[in-house]
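Visitor: Residues per chain are reported as follows:
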Amino acid sequence: MTVKFIQYYDVLSGKDEEYRNFISKSYIPGINETDLIQIVGSWYLAAGEGPYHIMEGVADSVKSVHRLLLLDDFKKLNHLLHFLITNYKTKIMVPTGTVESQLPRETNFRFNHHYDINYAQYDDYVHFIHNEHLPTMEKLGINMIGGWHVSLGPGPGIVVEGSCASVKHILEVIGSKEYGELTSRLLAMVDGYGSKILAPTGLVP
Amino acid sequence: MPVKLIHYWNIRHGHQTDFDTFFVREFVPQIDITGLMKIVGSWHVASGEGPYFIAEGVSSSVDEVESLIMSPAYLELRDKLFRLVGNYSNKLLVPTGRISERPIEIERGFKFNQHFNINPADYYAYIAFAENEHLPEMQRFGVEMVGGWHVDVGATPYVIFEGRTTDLSVIGEMLENPDYQALTLKLLSMVSNYGCKVLVPSGHINK
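If you're matching them up, the sequences are chains A and B in order.
For the first sequence, our numbering begins at 24 and goes up steadily by one.
For the second sequence, our numbering begins at 4 and goes up steadily by one.
Simulated from the structure, these hints should not be mistaken for lab results.
Be aware that a few hints might be false.
What the hints assert, rightly or not - Which chain A residues face chain B? A few, computed with CB under 7 Å, are given here:
(1) ALA69
(2) LEU91
(3) LEU194
Quick reminder that beta carbons are idealized off the backbone N, C-alpha and C, glycines included.
Using the sequences and the hints given, assemble the complete structure.
Guide: Rendered as structure tokens:
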């Protein structure tokens, strides 16, 4: 079962160049060498709430993530990272099972939604996601590449990941009547709704 | 000096129709008729954090806002609103003075708003950056900068810049542009708690 380890942070003022060097030459290679997690994405926030930087790692189990977190090499790397960043937080996410997790190979932008399910309407929500939300998003040109429960870390508890070749297309979707109606229906079943548009930093090859 | 009162809320589950009717037929016209404030926009947060619904009113002064919010008619409207919405909050915004004042009229198009706190140590560098780089560059990307505000009353972040376009694809192109990323990284070196929102008209008053 693929799980995701997501790190969020802001780079300290004046440390941007040092940060980019450290991340690309030490941090990402150092984590990837452990074989416990692969860093598959490094994103900046194009629209939404901060922190501004998001690092995306995938592992084959929650156990692998925990083994990484306990490694001395990782602790050293993270200690060094903290000289360059602030507002650090992490999440471990496990699949909801509603979307088959995919990692796009080509350069892509993300359009992610997050919310808590209103459990009084759980059955309606599941039906809506399977039969309307995911198919409509795909029809609008957003590839739905992941549905996740936040297993550990701050909420909201559900993250649904969409991927697209251009932000311009995401904005076209956002402006469409179909998307507006779809979101209104989703909002009737969830709380704490928000979304983010993420763009690649170019730090992950 | 025009000031802005922004309301944020989520419509309660199952109350969408009642809300739509109340907002269009009572909330907006009854506030407008007081002459103390004009509701200039209602928006959905298309990208960014909730609450999902944003309503904006503009008054000519803080005194007028105070007169409105203490009036029995407004309190009655607010009580009715609270039966239909949750997660309500509001902010009173005053202009930073860095963007020309505009006539008080319905706002149309799409909005791209950025919000943040200025690092105290970087205040003067930020002022120079905002005037000489940030605002001119945003205009160059095709986003018209229509408002610069301090949060006078309400939750931080306490600086809000409002950009507007008639075409969402302009915002999309800007967000993909490496020059925009470089501009944002420079802004981030002077501010904290940065975030931004893409707003689309809710369809109630500014279709």
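Visitor: Should the hint that LEU91 (chain A) touches chain B count as held when the rule is a Cβ pair under 7 Å?
Guide: Status violated, d = 28 Å.
Visitor: Classify the hint on LEU194 (chain A) as holds or violated, based on whether any CB of chain B lies nearer than 7 Å to its CB.
Guide: Holds - the Cβ of LEU194 (chain A) comes within 7 Å of chain B, reaching about 4 Å at its closest.
Visitor: Does ALA69 (chain A) pass the interface hint, meaning its C-beta sits closer than 7 Å to a C-beta of chain B?
Guide: Holds, because the Cβ-Cβ distance from ALA69 (chain A) to chain B comes to roughly 4 Å (cut-off 7 Å).
Hint check: a violation occurs at hint 2 only; the rest are consistent with the structure.
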